[in-house]
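Line by line, the protein sequences give chains E and Y. Under the numbering used here, the first residue of the first sequence is numbered 18, with each subsequent residue one higher. Under the numbering used here, the first residue of the second sequence is numbered -4, with each subsequent residue one higher.
Heads up, some of the hints might be wrong.
Quick list of simulated restraints, FRET-style, between CB atoms [what the hints assert, rightly or not]:
| no. | chain 1 | residue 1 | chain 2 | residue 2 | range |
| --- | --- | --- | --- | --- | --- |
| 1 | E | S216 | Y | Q332 | 22 to 30 Å |
| 2 | E | S216 | Y | I68 | 33 to 41 Å |
| 3 | E | F149 | Y | P395 | 52 to 60 Å |
| 4 | Y | L274 | E | F149 | 42 to 50 Å |
| 5 | Y | K80 | E | G160 | 39 to 47 Å |
| 6 | E | V152 | Y | L274 | 22 to 30 Å |
| 7 | E | S216 | Y | K80 | 42 to 50 Å |
| 8 | E | W212 | Y | D421 | 43 to 51 Å |
| 9 | E | V152 | Y | R120 | 31 to 39 Å |
| 10 | E | N67 | Y | A66 | 54 to 62 Å |
| 11 | E | T215 | Y | G247 | 50 to 58 Å |
| 12 | Y | R144 | E | F149 | 35 to 43 Å |
| 13 | E | V152 | Y | F118 | 33 to 41 Å |
To be clear, the hints were calculated from the coordinates, so they are not data collected in a lab. Glycine included, C-beta positions come from ideal geometry on N, C-alpha and C.
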Amino acid sequence: MPGTPSQSRNFKLLVAQYGQKYGILVALVLVCVILAFANEYFLTTRNLVNVLRQTSINGILAIGMTFVILTRGIDLSVGSVVALAGVVSASFATTATTAMVPGGPYPAVFALAIGVLVGVVCGLINGVIVAFFRVPSFVATLGMLSAARGLTLLYAGGKPVPALTDSFRYIGTESILGVPMPVVLFALVFFASLWVLTSTRFGRHVYAAGGNPHAARVSGVNVNRVRLLVYVISGGLAGAAGMILAARTGSALTQAGIAYELDAIAAVVIGGTSLSGGVGKVTGTLIGALLIAVVNNGLDLMGVESYYQQVIKGMLIVAAVMLDQARSKQA
Amino acid sequence: MSAVSGDMRGEILAEALLQVRGLKKHFGGVAALSNGQFCLMPGSVHALCGGNGAGKSTFLTIVMGIQDRDAGIILRNGREVVFAKPSDAHAAGISIIEQELGPIPAMTVAENIFLGREPLARFGRVDFASMNRRAQELLDSLEFGISARTVMMDLTVAEMQLVEIAKALSHDAEVIIMDEPTSALGGAEASRLFAAIGRLKAAGKGIIYVSHRLSEIFQIADSYTVFRDGEFVGEGAIADVSREALIQMIVGRPLTEEFVKENTPGDEVALSVRHLNALDWVKDISFDAHRGEILVLYGLMGSGRSEVFERLWGLSEDRGGEVRLFGQPTNIRKPAQAIAQGLAFVTEDRKETGLVLTSDVRANLCLAHLDQLRLGPVMLKRREAAASQRMIDAFSIKTPSDRLEVSGLSGGNQQKVVLGRWFMTDPKVLMLDEPTRGVDVGAKREIYRIMSEFAKAGGAVVMISSEADEVLGMADRVVVLRDGRISGVLERAELSAESLLHLAA
């Protein structure tokens, strides 16, 4: 029966839901259109590829963060894990004579596996502390933020790990069909996560455990296991991001990744994922990360001082959430 | 409806504490309230009745100044008033005691009562001595027997409710709105509340009482007003209306029977519980639930009934005891095992432990059945959609699409989603904890029908209920709990409200 009051109400609900879904995409497109007119260089392939490359590391961290935030948690340790995984994996792939790992450099695949493993172990520790010792994630991962940074400095003796092998640097510097490797990896992570969250049982469990952990538990969801795994995912992805960063710059820095967790959280929040759990999508996070990168790029192109960029990013984060609140009130 | 008296409709009654006429409110294009009408006289308890979605909540939020109205007038003591914010309503002597209480648990009773208007001594220091004294005087004058210095979290739910009443009166409220005040109370605690209501009435206050529990309304109310689909349907004196007539007014069609019960208990034992302990205070619980039987666990709040369910469901640790399903010993340590064994558990509070409110209807329906709808780690989306549709049809869940968030559904439909989730798992034993709390009479009857059909088809139902009417209407046998132990077992033939209360209290 078209046109009945309940039908028009459903239509309104749907519009509200779509608005929530695509509002941030509209903002991204709008910013791109404005920049395209404001600066002739913006729409060049070279610049767009550059933007994507700049998005990829924050994007990978933000996707891991999305999993954590969907379960009502937060992972503040990703920036430090970036550095730790960077120096540890790099120590297996350096040609420097001062190498701390004897017998190197090892094959890149081995070094990369070690880096992911470092991230996974950090995530596992976070997850165990949050899920089984009932420590709030904010505190548990704040501890890891400090501890992993300290371990990074201890491991590397406070110095960068330089002179990485070309095969290790492949993941940061090479391209496939003109697409830089970091972007390729980011795309892989994105599509894999999209599939996990929308099509697997684990994805269903993440949304249920985040939306209402009590109800999920009663319905047979192993909520602790879900909580553990999201930190492992976040840690593993932070490990990967750390190696991409080291590979791009050619050496692993002990101060790499400082405050990266904040940009990752910003991308997730701008992307519409709720900090109270159970609501959000990786597509939103992708758009959020792109929006941050595009705005930064645009301000760079227009020669705006980097101090202003921070102010504008701050306003962007808050404005995105304010918009979200206003919309959800309407619906 | 015949109960509408002409003079109340047209005239303004100067002696009425609160009179509302022609109240309208739209949300978007939808009328939540199209003609709200109400008249509260001093020294009376006036029940506001209606199903879920009848417009009661909208009506109350407008009267309390939380929302504005599109049209209509509100008269307080015969004078027209406009409340732009809740504090305006408070100032006019109207207070509300809400379904979900908002006490600050770590503060004392006195601090809660005087929250936001603490008496001050010099230099802005809170004058605790005077605050405690005034709060205690108030509590004593109401004969509540609560110390003003008690920390809120040490009180029972009923006592917290009494504190809310005291708080309302400390605002000099003349009109007190109670929204489902007994939904979290047991029988004895409810009678304490009713005694307090009696004293308020004697003091000339007017009480607007909102409840789905008709027996309460007939017990304490003097008059009633019924809303349906946002419209005023009728009003009158409780003494002049029968229970059947009131139900008919609320649901809008005649209900042949309030309860549906067509099952007959069989001989085969489905669930057998022996000497079960839970936590450290629920001890030695033994009962058998047969196929085709509706067994009720009855008891007051804190009698241990929910704890028995939680133990059976593997939510609390093993403290001894034996559980058999169809003769086979089981060792359920977590919910997934219980589900695999053919048990289903509809929890007490659908918002707290039942639904994932942020997810859509389909995700909620399929949540306990995901293992049967997947191939390896991958969900089979078509089978999910089909399973979800099957439950929507089976329980006639009213939703335009199963991709809409479950929070948008009415209470009764939400409860049916929880039931649907468990029926999807094709259970043999159904555990229901207060399955009809907070749903309207129409939806209640459907839930009874579902239970009855399940038992009739050979399933076993174990239900926790604190509504005596419901127990009398549905139970084949009742196991009564008191202080964590079984205090008696009643066969259907021996059931009466008195025998239940006798064993429970």
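Numbered hints the structure breaks, given as an ascending list: 2, 3, 4, 8 and 11
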